[in-house]
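Just so you know, the protein sequences line up as chains A and B, in that order.
Counted the way the numbering used here counts, the first sequence spans residues 33 to 587.
Counted the way the numbering used here counts, the second sequence spans residues 25 to 188.
Please note: incorrect hints may appear among the correct ones.
In silico DSSO-like cross-links for lysine-lysine, where the CA-CA straight-line distance does not exceed 27 angstroms [claimed, not checked]: (1) K281/A - K511/A; (2) K510/A - K534/A; (3) K534/A - K579/A; (4) K105/B - K281/A; (5) K129/A - K52/A; (6) K323/A - K308/A; (7) K112/A - K430/A; (8) K52/A - K27/B; (9) K279/A - K105/B; (10) K324/A - K142/A; (11) K534/A - K197/A; (12) K105/B - K52/A; (13) K105/B - K197/A; (14) K323/A - K345/A; (15) K363/A - K308/A.
By construction, these hints were calculated from the structure, which means they are not laboratory data.
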Amino acid sequence: MYQYDEYDQQILNERVAQFKSQTERYLAGEIAEDEFLPLRLQNGIYVQRYAPMLRVAIPYGAFTAEQMRALAKVARDYDKGYAHFSTRQNLQFNWPKLEDCPQILADLAKVQMHAVQTSGNCIRNTTTDEYAGVVAEELVDPRPYCEIIRQWSTFHPEFAFLPRKFKIAVNSVPGEDRAATKVHDIGVHIIRNDAGELGYRILVGGGLGRTPIIGETIREFLPEQDLLTYLEAVIRVYNQFGRRDNKYKARIKILTKALGVQRLGELVEAEWNRIKDSAARLTSAELERVKKHFVDPAYATLDNNPAELETAKAENPAFVRWLGRNVRAHKQSGYAVVTLTLKQKGTPPGDVTAEQMEQIATLADEFSFGELRSTHQQNLVLANVEQRQLFTLWQQAKALGLATPTLGLLTDMICCPGGDFCALANAKSIPIADDLQVRFDDLDYLHDLGEIDLNISGCMNACGHHHVGNIGILGVDKKGQEFYQVSLGGNSGERGTASLGKILGPSFSREQLTGVVAKVLDLYVASRHVGESFLETYQRIGHNTFKEAVYGKAD
Amino acid sequence: MAKLIKDGAFVADDVWTRIDDDAIATEYSLISLDRWTHQQAELQPLASRGKLGLYLNSDQLAEMVAEQCRNFAVIAVDFPKFSDGRGYSTARLLRDQYHYAGDLRAVGDVLIDQLFFMKRVGFSSYALRDDQNEAHALAAFSSFSQPYQAAMDDQRPLFARVSR
Ligand code: HEM
Ligand code: SF4
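All chains, please: the whole structure from these sequences, using the hints.
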């Protein structure tokens, strides 16, 4: 974990003071509503349907038990006792009072947390793989690079008023992408070139929203120390040439399409060549300094598959099921990576109560060196658990309702807040997630179906990533009624190549929707070859076969 | 009237005024880029004496002025709306790429909470919108004592500026 030094802390304290003054001036009528807007947005405050929402940054998803407790306290003291983990590894409070926000941010600053640039047309929280640093497949730990990007982007003087928001994601695992880098404004892939040097492949122009686009490669290889100057060049070009006349055409994805990635690359390259050898270039000393914060914890010397684990497995089929789904291999022998799922029946995906938050903090302290990660699938990860303690952890997590053995399965849905909270919604999304949880609650069936991403957004802004769900559900407005459009075949890049879903056909009412999902699943089950995933079957038998199964033959 | 901040204080006697393209250019006129492009020969004497200024709209980017910038004692960059952030890159590039050394002035929707950023990208004077509180404005320049990035006020990022 990165630990703030005096400079980080000072910057954050100064931010707290600045926002306090801004809020006071606003409440005193000295700052107009529309002028306060970007100020509060850049401090994570978004006014939604009923109340302001405060989005707290969890930089690249990494946080500590102590920070979790501080968040729980905020939920208790200033909100209605719960919080929501978002698809970009952040945490949202749904009911804080604006007047309280400066104090909340002051409280959070004490544990090195903030809401800096979690909204607004600026560079947002950089996200990455929730398994960073603990899986053998990764090339190097991506977190130091994320932290370096965080510092560089924090209060960047030139990029606080971009044409639109700007999201960066970093991936370091060849062939897998848990950070959905291809649907980010910039995707950074940490790679080695043929000479074995460390660096990055840079993608640009991905994004969801109204016009979903998969990012394209703008530079095949960028040397390690050139990260910041190159990002600066890309965003400088975007700041100047991105459209500002229409907010739906303002993302860099639109500029990329308009110029072509080739031309955009030339503009960036010209600017980068000008600045790449400036003092802004990363130094190896700075890289080393930040990397030192992400060294392995003090692992014990342990063997894989200890007797405690084997005995517990032999006696508990339910434990075995959880192990198979929610626990994955660790790079260190004797350890495992555990995901606590926030997808219980009857609670909105990603929601946790203050009590659960405190209990999760205790689990982190007890089982995982006091550290936690949030995931873009709206779950939490204990990254360093001793295998011999898995059974004890499972029992405790189960008692807290955090051990539903469904990671990656149908009911491990991504879902936006939708019409229950959000003023932009066309339709509610949480009740859809709930309907599906109720209808598909048979664990044997879910496990038999295998891995499926089902994503739900309440409108085309796509906060719930419906475009990249294997099954995507989008709330639409049909003459004032809430309807839902279904798309199939999307993929965030986690299961092979990233792709966008294709709309199945006319939309459905809430009542019809679970039946439609059932038909889609039935066809999959009837058509699949042995070992074939939903996505593979879909790709093999084709969109139209599914369409016919749902709507009947067209002729 | 906007209030001008320069060198950390409000100045009362600012002489520069923006003029329309059909008005006669005199000493201390801020002219449009269009006018400069079309009437450079006539305006050059004024410019050479350091008495001519340029006024840039937010869509007139640094590269459109380029080396020409050195003709002007003042370049005013317009922020038609505070949320239009192009002027930050314009300022930075005029200073950094084209080595503009004159007075770089932020004009238009210039609000307290932009001043810190404006100073960092190379602005040297600020026509603060007239409804803004003066004391808060002056205080805003020192919102952050050690920012992370390299910029025009300090070419070194934090990691090169201090030992961390
Ligand atoms: C309730 C208040 C919320 C509002 C009003 C809101 C609004 C928006 C809007 C307008 C966009 C589209 C931006 C664009 O395409 O340029 C967007 C995108 C997005 N939002 Fe939200 N959002 C809210 C909550 C959330 C939550 C809770 C999450 C996570 C669970 C989230 C995650 C995202 C993501 C991942 C995108 C990405 C789309 C992209 O990058 O193209 N949002 N949001
Ligand atoms: S997708 Fe639409 S409804 Fe859902 S949170 Fe985003 S803006 Fe709101």
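Each hint tested on the structure:
| no. | hint | in the structure |
| --- | --- | --- |
| 1 | K281/A - K511/A | 26 angstroms, holds |
| 2 | K510/A - K534/A | 20 angstroms, holds |
| 3 | K534/A - K579/A | 11 angstroms, holds |
| 4 | K105/B - K281/A | 18 angstroms, holds |
| 5 | K129/A - K52/A | 14 angstroms, holds |
| 6 | K323/A - K308/A | 22 angstroms, holds |
| 7 | K112/A - K430/A | 24 angstroms, holds |
| 8 | K52/A - K27/B | 25 angstroms, holds |
| 9 | K279/A - K105/B | 15 angstroms, holds |
| 10 | K324/A - K142/A | 23 angstroms, holds |
| 11 | K534/A - K197/A | 26 angstroms, holds |
| 12 | K105/B - K52/A | 24 angstroms, holds |
| 13 | K105/B - K197/A | 17 angstroms, holds |
| 14 | K323/A - K345/A | 38 angstroms, violated |
| 15 | K363/A - K308/A | 36 angstroms, violated |
In this structure, the earlier hints numbered 14 and 15 are contradicted, and the remaining ones agree with it.
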